[in-house]
Amino acid sequence: MTGNARASNYFDETSELANACRVESYAIGAEMKKVGLPDNFIVAAVMTANDFEGVFNLLKMWANESDPAERDAIVSDIQEMIDDCAQPEKVEGVYVRFDDLDRIASDVRKFKDSLRALVDERGGIGKLAELTAIPQPSLSRFFNTAAMPRRTTLHKIARALNLSQIQIATEWSV
Amino acid sequence: MEIIITQWALDSYLDLKHANQFSAKDYRGTIRPDVLLLLVFPDHPKFASGKFWSPATIDGNVLSAGFKMKWHNLGERCVQLRLPVGLGFADDLAGKAFLLHAYVKTDPKAEARQLEKMRTRLQLIRQSKFTERGRLT
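Sequence order for the protein chains is A and B. Using this note's numbering, the first residue of the first sequence is number 1, and each one after it goes up by one. Using this note's numbering, the first residue of the second sequence is number 1001, and each one after it goes up by one.
Do not rely on the hints blindly, as some may be mistaken.
As the list claims (entries may be wrong) - Under the rule of at most 30 angstroms between Cα atoms (straight-line distance), these lysine-lysine pairs were calculated in the DSSO-like manner:
id: 1; chain 1: A; residue 1: K112; chain 2: B; residue 2: K1017
id: 2; chain 1: B; residue 1: K1096; chain 2: A; residue 2: K156
id: 3; chain 1: B; residue 1: K1025; chain 2: A; residue 2: K33
id: 4; chain 1: A; residue 1: K90; chain 2: B; residue 2: K1070
id: 5; chain 1: A; residue 1: K60; chain 2: B; residue 2: K1025
id: 6; chain 1: A; residue 1: K60; chain 2: B; residue 2: K1109
id: 7; chain 1: A; residue 1: K90; chain 2: B; residue 2: K1068
id: 8; chain 1: A; residue 1: K156; chain 2: B; residue 2: K1017
id: 9; chain 1: B; residue 1: K1017; chain 2: A; residue 2: K90
id: 10; chain 1: B; residue 1: K1070; chain 2: A; residue 2: K60
id: 11; chain 1: B; residue 1: K1105; chain 2: A; residue 2: K60
id: 12; chain 1: B; residue 1: K1096; chain 2: A; residue 2: K34
id: 13; chain 1: B; residue 1: K1105; chain 2: A; residue 2: K90
id: 14; chain 1: A; residue 1: K127; chain 2: A; residue 2: K90
id: 15; chain 1: A; residue 1: K33; chain 2: A; residue 2: K156
id: 16; chain 1: A; residue 1: K156; chain 2: B; residue 2: K1025
id: 17; chain 1: A; residue 1: K60; chain 2: B; residue 2: K1068
id: 18; chain 1: A; residue 1: K112; chain 2: B; residue 2: K1096
id: 19; chain 1: B; residue 1: K1025; chain 2: A; residue 2: K112
id: 20; chain 1: B; residue 1: K1129; chain 2: A; residue 2: K90
id: 21; chain 1: B; residue 1: K1096; chain 2: A; residue 2: K110
id: 22; chain 1: B; residue 1: K1129; chain 2: A; residue 2: K112
id: 23; chain 1: A; residue 1: K90; chain 2: B; residue 2: K1096
Claimed, not checked - Chain A is faced by these chain B residues, among others (derived, beta-carbon under 7 angstroms):
id: 24; residue: D1011
id: 25; residue: H1018
id: 26; residue: K1129
Just so you know, the hints here were simulated from the structure itself, not pulled from any lab data. Beta carbons are placed, not taken as given, at the ideal position from N, Cα and C, and that holds for glycine.
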């Protein structure tokens, strides 16, 4: 870890506060296990919360929330943050012109719709969630938005459903 | 000030536009001109208006380097559009404004989630772990 990264951690790793937050994260992880969230997701969420205060706060929001729909939204946000925080370094992406955005959004939607059809043929979103260890609410958000798909997510889906590279090929993955 | 378009900003634009939360006319006529004001930040009267620009706060605490650009009753759907902006970083990030994920403000719970995502992404920018999609000029 660089000095800059360490300096931006939200608490001193050795402090009592840090340990209290970790213990609270583990307790929330245990609650997540009880409601059937995937182990891989829980571990990633707790580990990410150790370094990112925003993710820790999302975990606390989940623990304090009683509305199932809101809990699902929080789970999707946590997964999004896990993916963001896993990026190891800065990436210079290709510049996208404004005039191309509508076409890109349309292409992304077509791609996701065709992938969703394959998923439905193979047991649906629930089955895919089991096979990928990606929470169902996160997969639903993935398939319902026009955001560019992450390669890591596409590869998990491909592995789970035994899809070929061509079936998950899109110009707009990131 | 340089205006950096992040992947988060691009993705949220694609999604909001696709969901018809605003139109191309709204973007060209209102959103883009307002965002371009960041080039001369803070030398425009709009930055003194709390209705348009404010520090991001969570439970009354200011989020370091976190700001929100706000549009009220935007477009035909009269949406409350928010654009989190990371600005005021030190060292090699100084002089840069980072466009984060835009969203439509709905209820307080959703707003609280968006702010925690903003907090996380500001930390990622400080750690130089993000994807840049170009500059707005």
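Hint by hint, here is what the structure shows:
1. A:K112 / B:K1017: holds (17 angstroms)
2. B:K1096 / A:K156: violated (35 angstroms)
3. B:K1025 / A:K33: violated (47 angstroms)
4. A:K90 / B:K1070: holds (28 angstroms)
5. A:K60 / B:K1025: violated (40 angstroms)
6. A:K60 / B:K1109: holds (13 angstroms)
7. A:K90 / B:K1068: holds (23 angstroms)
8. A:K156 / B:K1017: holds (28 angstroms)
9. B:K1017 / A:K90: Within the cut-off at roughly 26 angstroms; holds.
10. B:K1070 / A:K60: Holds. K1070 (chain B) to K60 (chain A) sits at ~27 angstroms (cutoff 30 angstroms).
11. B:K1105 / A:K60: holds (21 angstroms)
12. B:K1096 / A:K34: violated (44 angstroms)
13. B:K1105 / A:K90: holds (29 angstroms)
14. A:K127 / A:K90: violated (34 angstroms)
15. A:K33 / A:K156: It holds: about 21 angstroms lies between the C-alpha atoms, which stays within 30 angstroms.
16. A:K156 / B:K1025: violated (38 angstroms)
17. A:K60 / B:K1068: holds (24 angstroms)
18. A:K112 / B:K1096: Distance ~34 angstroms between K112 (chain A) and K1096 (chain B) Cα, so the pair is violated.
19. B:K1025 / A:K112: Within the cut-off at roughly 27 angstroms; holds.
20. B:K1129 / A:K90: holds (5 angstroms)
21. B:K1096 / A:K110: With Cα atoms ~35 angstroms apart, K1096 (chain B) and K110 (chain A) exceed 30 angstroms; violated.
22. B:K1129 / A:K112: holds (26 angstroms)
23. A:K90 / B:K1096: holds (15 angstroms)
24. D1011: holds (4 angstroms)
25. H1018: Holds: closest Cβ of chain A sits about 4 angstroms from H1018 (chain B), inside 7 angstroms.
26. K1129: At about 5 angstroms, which falls below the 7 angstroms cut-off, the nearest Cβ of chain A leaves the hint on K1129 (chain B) intact, so it holds.
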